[in-house]
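Trainee: Single-letter residue listing:
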Amino acid sequence: GAVVSQHPSRVICKSGTSVKIECRSLDFQATTMFWYRQFPKQSLMLMATSNEGSKATYEQGVEKDKFLINHASLTLSTLTVTSAHPEDSSFYICSARKGSWGTNTEAFFGQGTRLTVV
Amino acid sequence: GQQLNQSPQSMFIQEGEDVSMNCTSSSIFNTWLWYKQDPGEGPVLLIALYKAGELTSNGRLTAQFGITRKDSFLNISASIPSDVGIYFCAGLTSGTYKYIFGTGTRLKVLA
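Listed in order, the protein sequences are those of chains A and B.
Quick note on my numbering: the first sequence kicks off at 1 and runs consecutively.
Quick note on my numbering: the second sequence kicks off at 1 and runs consecutively.
So here's chain A without its partners, still in its complex pose (with noise of 0.2 Å):
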């Protein structure tokens, strides 16, 4: 396996202030980085495709402006929540690929970061 942390695991915010969590592969490069919101008892939905010393690619409906996205190192994404409000809150987990495309490759998690927006 490979080892994805990411910090911080819980985080309590007031509304109007940004939040900003780190996703870093421990143990591995990681070109590609995934960031997905998951509500309770739902799937997971991806965010953006973070990819390193280039720009993210959002998927549909997901504000770029709200959800910030840097990829600034092979080992290290960080999604920054802008102008939090309550309907921000939610479980955000992020996943590095490891691999190159082309080979076999696989994606592996990041503890998750629990937000609340009060």
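Read the hints as simulated data drawn from the structure, not as lab findings.
Any given hint could turn out to be false.
As the list claims (entries may be wrong) - Straight-line Cα separation of at most 16 Å, EDC-like style, residue types lysine to aspartate or glutamate; simulated pairs:
1) B/Lys-98 - A/Glu-106
2) A/Lys-55 - A/Asp-65
3) A/Lys-20 - A/Asp-65
4) A/Lys-41 - B/Glu-41
5) B/Lys-108 - B/Glu-54
6) A/Lys-14 - A/Asp-88
7) A/Lys-41 - B/Glu-54
8) B/Lys-36 - A/Glu-106
9) B/Lys-51 - A/Glu-106
10) B/Lys-70 - B/Glu-54
11) B/Lys-98 - A/Glu-59
12) B/Lys-108 - B/Glu-17
13) A/Lys-14 - A/Glu-87
14) B/Lys-108 - B/Asp-18
Said to hold, decoys possible - If you want the footprint, here are the derived chain A segments under chain B, 3+ residues with CB under 8 Å:
15) 43-54
16) 109-115
Glycine is no exception: its CB is placed at the ideal position from the N, C-alpha and C atoms.
Chain A is already provided as a structure; the job is to place chain B on it using the hints.
Mentor: Leaving out everything else, chain B in the frame of chain A:
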């Protein structure tokens, strides 16, 4: 967003029983992955499948990549209480290279 159909949605089984679940799609996938998620945690990779028809085991777990490349199956033999959790399939799309997740199967094991 796009999702894969996974069934059953939930199941209660007795400890020691075998479990089967499957995932189907209208699209072809190049890779199928199976994950288990415990409450409040991120999914943990169980098995990865890369070729149509491939059958792969990981302990008591066995998964198969469907011949049509539009489905996959996961079997758990001799279930134990710690098998409780939500199981997700994920398919890797060709072209866009995104992992799309199934709707999940919630497994509860009765001791």
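Trainee: Run every hint past the structure and note whether it holds.
Mentor: We went through each hint and held it up to the structure:
1. Distance check on the hinted pair: B/Lys-98 and A/Glu-106 sit about 11 Å apart at the alpha-carbon level, within 16 Å; holds.
2. Taking the CA atoms of A/Lys-55 and A/Asp-65, the gap is near 12 Å; set against the 16 Å cutoff, the hint holds.
3. For the hint linking A/Lys-20 to A/Asp-65, the alpha-carbon distance of about 14 Å falls within 16 Å, and the restraint holds.
4. For the given pair, A/Lys-41 sits about 13 Å from B/Glu-41 by alpha-carbon distance, which is consistent with the 16 Å threshold.
5. Taking the CA atoms of B/Lys-108 and B/Glu-54, the gap is about 28 Å. The hint is violated against a cut of 16 Å.
6. Between A/Lys-14 and A/Asp-88, the direct Cα distance comes to roughly 11 Å. Compliance with the 16 Å bound is thereby established for this hinted pair.
7. The hinted pair formed by A/Lys-41 and B/Glu-54 fails the criterion: a straight-line CA distance of about 30 Å is larger than 16 Å.
8. Note on B/Lys-36 and A/Glu-106: the hinted pairing holds, with a Cα-Cα distance of about 14 Å set against a maximum of 16 Å.
9. A C-alpha spacing of about 14 Å is found between B/Lys-51 and A/Glu-106, which places the hinted pair at or below 16 Å, so the restraint holds.
10. Distance restraint check for B/Lys-70 and B/Glu-54: the Cα-Cα separation of roughly 13 Å lies within the 16 Å cut-off, and the hinted pair is therefore satisfied.
11. Distance check on the hinted pair: B/Lys-98 and A/Glu-59 sit about 10 Å apart at the alpha-carbon level, within 16 Å; holds.
12. Simply put, B/Lys-108 and B/Glu-17 have alpha-carbon atoms about 12 Å apart, close enough for the 16 Å limit, and the pair holds.
13. The straight-line distance between the Cα atoms of A/Lys-14 and A/Glu-87 is roughly 12 Å, inside the 16 Å bound, and the hint therefore holds.
14. Restraint check for B/Lys-108 and B/Asp-18: the C-alpha separation of about 12 Å stays at or below 16 Å, so the hint holds.
15. Proximity of the segment 43-54 of chain A to chain B, defined as three or more residues with a beta carbon under 8 Å from a beta carbon of that chain, is established by the 5 residues found.
16. Residues of the segment 109-115 of chain A lying with their CB closer than 8 Å to a CB of chain B number 5, which satisfies the three-residue condition for coverage.
When each numbered hint is compared with the structure, violations occur for hints 5 and 7.
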